[in-house]
Amino acid sequence: GAVVSQHPSRVICKSGTSVKIECRSLDFQATTMFWYRQFPKQSLMLMATSNEGSKATYEQGVEKDKFLINHASLTLSTLTVTSAHPEDSSFYICSARDEFRTTGNTIYFGEGSWLTVV
Amino acid sequence: RKEVEQDPGPFNVPEGATVAFNCTYSNSASQSFFWYRQDCRKEPKLLMSVYSSGNEDGRFTAQLNRASQYISLLIRDSKLSDSATYLCVVKGGGSYIPTFGRGTSLIVHP
Numbered sequence: 001g002a003v004v005s006q007h008p009s010r011v012i013c014k015s016g017t018s019v020k021i022e023c024r025s026l027d028f029q030a031t032t033m034f035w036y037r038q039f040p041k042q043s044l045m046l047m048a049t050s051n052e053g054s055k056a057t058y059e060q061g062v063e064k065d066k067f068l069i070n071h072a073s074l075t076l077s078t079l080t081v082t083s084a085h086p087e088d089s090s091f092y093i094c095s096a097r098d099e100f101r102t103t104g105n106t107i108y109f110g111e112g113s114w115l116t117v118v
Numbered sequence: 119r120k121e122v123e124q125d126p127g128p129f130n131v132p133e134g135a136t137v138a139f140n141c142t143y144s145n146s147a148s149q150s151f152f153w154y155r156q157d158c159r160k161e162p163k164l165l166m167s168v169y170s171s172g173n174e175d176g177r178f179t180a181q182l183n184r185a186s187q188y189i190s191l192l193i194r195d196s197k198l199s200d201s202a203t204y205l206c207v208v209k210g211g212g213s214y215i216p217t218f219g220r221g222t223s224l225i226v227h228p
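From first to last, the protein sequence lines are chains C and P.
Numbering-wise, the first sequence is residues 1 to 118 according to my numbering.
Numbering-wise, the second sequence is residues 119 to 228 according to my numbering.
The shape of chain C in the complex, shown without the other chains:
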């Protein structure tokens, strides 16, 4: 079964509105979660690292005021795409590592969220 759950799996929104995507670790705690974006036939591109209880670390070229990340608990991180535009349409995936296990190297992914901005 899934150990990282992402919601919603699909969302269509109007241009200019905001969309929130949730990422939950179901049976482990994660102080760090990662948000990726993937355009068709492209690789996963890291957008930001979400840190529980502190500010997210954004990759170069990713607007922090447009992609708001909140990691308020050890099992939940949210990504809000503000003032969405059609070019933001993409597949957004979160991932987390079960870092409290001694062999916490495996990276678990959420199911992904398809965002379409019309």
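Derived from the structure by calculation, the hints contain no laboratory data.
Please read these numbers as outputs of a predicted model, since none were measured by experiment.
Take the hints with a grain of salt, since some may be wrong.
Part of the chain P face toward chain C, derived, beta carbon under 10 Å [claimed, not checked]:
(1) Gln156
(2) Arg177
(3) Pro216
(4) Phe218
(5) Arg220
(6) Ser223
No more than 16 Å apart at the CA atoms, straight line, and that leaves these computed lysine to aspartate or glutamate pairs for EDC-like [stated by the list, open to error]:
(7) P/Lys209 - C/Asp98
(8) C/Lys66 - C/Glu87
(9) C/Lys41 - P/Asp125
(10) C/Lys64 - C/Asp88
(11) P/Lys209 - P/Glu123
(12) C/Lys20 - C/Asp88
(13) P/Lys197 - P/Asp157
(14) P/Lys160 - C/Glu111
(15) C/Lys41 - P/Asp157
(16) P/Lys209 - P/Glu121
(17) P/Lys160 - P/Asp200
(18) P/Lys163 - C/Asp98
(19) P/Lys197 - P/Glu133
(20) P/Lys163 - C/Glu111
(21) P/Lys197 - P/Asp175
For each residue, glycine too, the CB sits at the ideal point set by N, CA and C.
Take the given structure of chain C and dock chain P to it, following the hints.
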């Protein structure tokens, strides 16, 4: 040079064929290596970790060559269901953030 490089393919092979992918990485201090499989419009899923001594899981064999800084994935007796994109993931070397290759597309045809 990109941190993790993969030939995007596609590799187009018949059922039953043996196919191999390589993935090169630039950070010699990298410590953890993985192969993930991603089906079309789905999230990546762990296929196997790559150990220094190499490891095998059924028809899949992964190997690490630290001297040349690459990892490989060998798939024997290809099945139609093996058609997917295979992502190379490298972690460590001063960072806990995993770095993904762009993936290699495999198409297995009848």
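To see whether the hints hold, each was checked on the structure:
1. Because the closest C-beta pair between glutamine 156 of chain P and chain C is about 8 Å apart, less than 10 Å, the hint holds.
2. This hint is violated: arginine 177 of chain P has a C-beta 21 Å from the nearest C-beta of chain C, more than the 10 Å allowed.
3. Satisfaction of the interface hint for proline 216 of chain P is found here, the shortest Cβ-Cβ separation to chain C being roughly 6 Å, below the 10 Å cut-off.
4. The interface hint given for phenylalanine 218 of chain P holds, since its Cβ lies 5 Å from the closest Cβ of chain C, which is under the 10 Å cut-off.
5. Taking 10 Å as the C-beta cut-off, the interface hint given for arginine 220 of chain P holds, the closest approach to chain C being about 3 Å.
6. A distance limit of 10 Å between C-beta atoms decides the matter here; for serine 223 of chain P the minimum to chain C is near 9 Å, and the interface restraint holds.
7. A distance of roughly 15 Å separates the Cα atoms of lysine 209 of chain P and aspartate 98 of chain C; the hinted pair therefore holds under the 16 Å criterion.
8. The straight-line distance between the Cα atoms of lysine 66 of chain C and glutamate 87 of chain C is roughly 13 Å, inside the 16 Å bound, and the hint therefore holds.
9. At most 16 Å may separate the alpha-carbon atoms for a hinted pair to count; lysine 41 of chain C and aspartate 125 of chain P meet this at roughly 13 Å.
10. A threshold of 16 Å between alpha carbons decides the hint, and for lysine 64 of chain C with aspartate 88 of chain C the separation of about 14 Å falls inside it, so the pair holds.
11. Among the hinted pairs, lysine 209 of chain P with glutamate 123 of chain P is consistent with the structure: their alpha-carbon atoms are about 14 Å apart, no more than 16 Å.
12. With a C-alpha separation of about 13 Å, the suggested pairing of lysine 20 of chain C with aspartate 88 of chain C holds against the 16 Å cut-off.
13. In summary, the hint linking lysine 197 of chain P to aspartate 157 of chain P is supported, as the alpha carbons are separated by about 14 Å, within the 16 Å threshold.
14. Restraint check for lysine 160 of chain P and glutamate 111 of chain C: satisfied, since their Cα atoms lie roughly 7 Å apart, inside the 16 Å limit.
15. This hinted pair checks out: lysine 41 of chain C and aspartate 157 of chain P have alpha carbons roughly 11 Å apart, not beyond 16 Å.
16. Between lysine 209 of chain P and glutamate 121 of chain P, the direct Cα distance comes to roughly 11 Å. Compliance with the 16 Å bound is thereby established for this hinted pair.
17. At most 16 Å may separate the alpha-carbon atoms for a hinted pair to count; lysine 160 of chain P and aspartate 200 of chain P meet this at roughly 14 Å.
18. Taken as a hint, the lysine 163 of chain P and aspartate 98 of chain C pair is honoured in the structure, with Cα atoms around 15 Å apart against an allowance of 16 Å.
19. At roughly 5 Å between alpha-carbon atoms, lysine 197 of chain P and glutamate 133 of chain P fall within 16 Å of each other, so this suggested pair holds.
20. At roughly 10 Å between alpha-carbon atoms, lysine 163 of chain P and glutamate 111 of chain C fall within 16 Å of each other, so this suggested pair holds.
21. Of the pairs offered as hints, the one joining lysine 197 of chain P and aspartate 175 of chain P holds, with about 15 Å between alpha carbons and a cut-off of 16 Å not exceeded.
Hint compliance for this structure: hint 2 is the single one not met.
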